[in-house]
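Below, each chain spelled out in residue letters.
Number of protein chains: 2
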Amino acid sequence: MAETNTIHLPYSELVSLLEAIFIAHGVSTSNARILAENCAGCERDGSLSHGIFRMAGYVSSLDSGWVDGQAVPEVEDVGPSFVRVDAKGGFTQPAFFAGKPLLIEKVKQTGVAVLAIRRSHHFSALWPDVEPFAEEGFVALSAVNSMACVVPYGGTKAVFGTNPVAFASPRAGKAPFVFDQASSAIAHGDVQIAAREGHELKPGMGVDRDGEPTTDPKAILDGGALLPFGGHKGNSIALMVEILSAALTGGYFSGEFDWSGHKGAQTPFTGQFFVVIDPERGGNDAFAERVAGICELVLEAGQDRLPGDRRHLTRARATTDGIPLSVENYEKLRSLSGA
Amino acid sequence: MAETNTIHLPYSELVSLLEAIFIAHGVSTSNARILAENCAGCERDGSLSHGIFRMAGYVSSLDSGWVDGQAVPEVEDVGPSFVRVDAKGGFTQPAFFAGKPLLIEKVKQTGVAVLAIRRSHHFSALWPDVEPFAEEGFVALSAVNSMACVVPYGGTKAVFGTNPVAFASPRAGKAPFVFDQASSAIAHGDVQIAAREGHELKPGMGVDRDGEPTTDPKAILDGGALLPFGGHKGNSIALMVEILSAALTGGYFSGEFDWSGHKGAQTPFTGQFFVVIDPERGGNDAFAERVAGICELVLEAGQDRLPGDRRHLTRARATTDGIPLSVENYEKLRSLSGA
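Chains as they are written, first to last, in my numbering: chain A, 1 to 339; chain B, 1 to 339.
Some clues are possibly wrong.
Note: identical chains are not told apart, hence a pair may lie in one copy or across any two.
[As the list claims (entries may be wrong)] The calculated DSS-like cross-link candidates involving lysine-lysine, where the alpha carbons are at most 30 Å apart (straight line), are: (1) Lys108 to Lys88; (2) Lys332 to Lys218; (3) Lys263 to Lys332; (4) Lys263 to Lys157; (5) Lys157 to Lys174; (6) Lys202 to Lys157; (7) Lys88 to Lys263.
The hints are simulated quantities; they were obtained by calculation from the structure and are not laboratory data.
Whenever a hint applies, use it, and build me the whole structure from the sequences.
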C-alpha cells in the first residue's frame, strides 16, 4: 500500500533521527532520548497531531530560548503518597521520568499516589504518559493545562488551554483501555492540521477573533479560540484541569505565562497532574477481567470501537512495516537534524 | 414571594420529617439521620431532582426489600492510602460516613487516599459527598455508577448509568468550587421531572425504545435511553466511571444487578469511588487563592456563573426564609411518615 513518495522507517531509526534533532537544538542527551521516543511513539501509533508534525514547534521553542533543553528536573518526596517535580523550565517528559520510579514505589506501598509536576513544557499527547502505568497493572489519570485558546462556556475570552485528560486501565487479554481527550471540542493540533490542509471544521469547534462561531480553522488560529466540548460540562472539566495541573502543582495557568519575549515559542509553560492507583487494593481479585467485561459490553451495544483501539492497530502495522513518512517530511527532519 | 400554596420549613424540621419517613420504612435510626440530612440538603440547595422528589423512590425501594435500611457498613483498612467499605446492601451514604474518618486520616498522613465503596445504593446527588471535603481544605473527586439507561456513543443498547462525576476544591474567600455532572446528556431525575411536568427536552438528550432520537421524556423513560454528553468524550467518561466505581470497588456494573424480583425498586446497586487529595502537599502555599483566581478569570471572560454558585444562593435564601415546599408535597411527606 506504500505510495511512491512514502518511505517506511523502523521505530528505532525514527527515534535516532529525532534524537539528533533535539541534540542539534540544545537538548541534553538524556532528555533528547526521552523526547525522541515520545514523539516517534506518537507517529508510530498514528497520533499524527503529536508526531513529527510537532518537531518544527519543538525546535523553534528551543531556539527561542523559551524552553531549557538541558534542564535537570528536581524530584521532591513530600509525603508517603505524594511526589512533586520541578521541571526547571524544561520539557515535562524528562521531569515525569525523573519522578516516576518514586511514584510507582509509593503506589505499591500505599495504594495510590499523586505526581505533581510544575514549571514544565508539555508539547505531546497524554496517552504515552498513562498507558505504561496500565501495562504495569495500575490505573492512571493525568491532566495537563496548556496555553489559553479555549473560551469558557458562554464567555468570549480564551482562558483555558485544550486541557486534555487521559485515563488508562489494565484490561485482561487486550491492550489497556486508554483514552486521551482534550476538554476543548477539538485538539489544537487538529486545528493546525486542518488549517494547513485547508479543511473546514465541523460547527461547534470554535469562535473567531470577535467571539463569533466559525468553521474556518484559520479564523480560530488567527485571534479566535476553541470551545469546550459538551457545553458547560466540558467547561467544568477544563476548569478542573487548571486547578489540578496548575493550582495544585504550583505551575502557571494556561493564560498566565508570558512568552512574548521568545519569538517562535510554541510550548505551553504550565504543570501536569497524575494520580495513579493500584487496583489490587480494591480487593476484588478480578479487576482487569472486569474491565475487559465492561469494554466488551460497550462493543456489543453497538459502539464500533473503543478509544485507543485504532492506535494499537496502527502500532502493530508500523511494527511490522515500519512507520510511514512522506519523503518530504523525512527530508525536513533530516534538515532539522543538521544532517 | 411566597405563593399561597407554599410553606417554608426550617432545614431541621425537614430533616426530622424525612427521618421519620425513613424510620417508618425500616431504616435504622443512625442511617435515617444521614439519609434525611442528605435529602433535605438537596431540597434546601434547590437540587430538586435529588430532594423530596426522591422520597417516594426511597420508600418504594425500601418496601420492596431491594435495599437494606438496617445495613451496618463494614470498613476495611487495606493500605496506608486506601479504604474499602462494604455497604452490605444498604444505602451508600451511611457506608460513606463510616469510611470517611479513616479516609481523612489517611489523606492527612500521606497526601492522597482512595475510598472504594461497594454493594451500595446511591440515590442522591454527588455534590453533598464531595463539598464537605473542600470545606475542610481537601480536593475531592468522586464517581458513582447507577442503572443502565445510557447508550454508548454510536450504540443502541443502554450500558452505562448516568454515571455522575463530582469535584470539589477549596476556594479562598468563597464557598468551594464544586461541580456534579452526569456523564449522560441529562440527569435521569431531570427526565423524570420533565415527564411529570409535561416538558419537552432539548434534542440530543436521548433515544426512544427503537434507538431513535427523541425529545419526549416519556419515550426515553418508556424503554428508551439517554445519550452521553459531548459525544465520544462523554462516552469515555461514562466508561471510566464504570471502571472506577464498579470494577475497582467490587460493585456491580450499571447493567448487571438484577432487581426484577423487587417491585418498586428504584435504587441502583453499584459502587462509588473517591479520591481525596491534600493540596497542602502541593507545596505552593497558595492553593485556595490560586483556585479563587482562576474562577475569577472564568467569570471575567464572560461566563455568567460557575457550577454551585446558584445552589449556594438558594441555600442562603433557605437558611433565612426556610425551605419552600408546596402544601401538596408537604402533605405527601407527612403521609409517607405515617403521621
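Hints and how they fare:
1. Lys108 to Lys88: Both. Shortest intra-copy (28 Å) and inter-copy (28 Å) distances satisfy the 30 Å Cα cut-off.
2. Lys332 to Lys218: Within one copy only: 24 Å inside, 59 Å across.
3. Lys263 to Lys332: Answer is within: at 21 Å inside a copy they meet the 30 Å cutoff, but 69 Å across does not.
4. Lys263 to Lys157: Within one copy only: 23 Å inside, 52 Å across.
5. Lys157 to Lys174: between (43 Å within a copy, 23 Å between copies)
6. Lys202 to Lys157: Cα proximity of Lys202 and Lys157: in one copy and across copies (21 Å, 27 Å).
7. Lys88 to Lys263: Answer is within; shortest intra-copy Cα gap is 20 Å, inter-copy 62 Å.
The structure agrees with every numbered hint stated previously.
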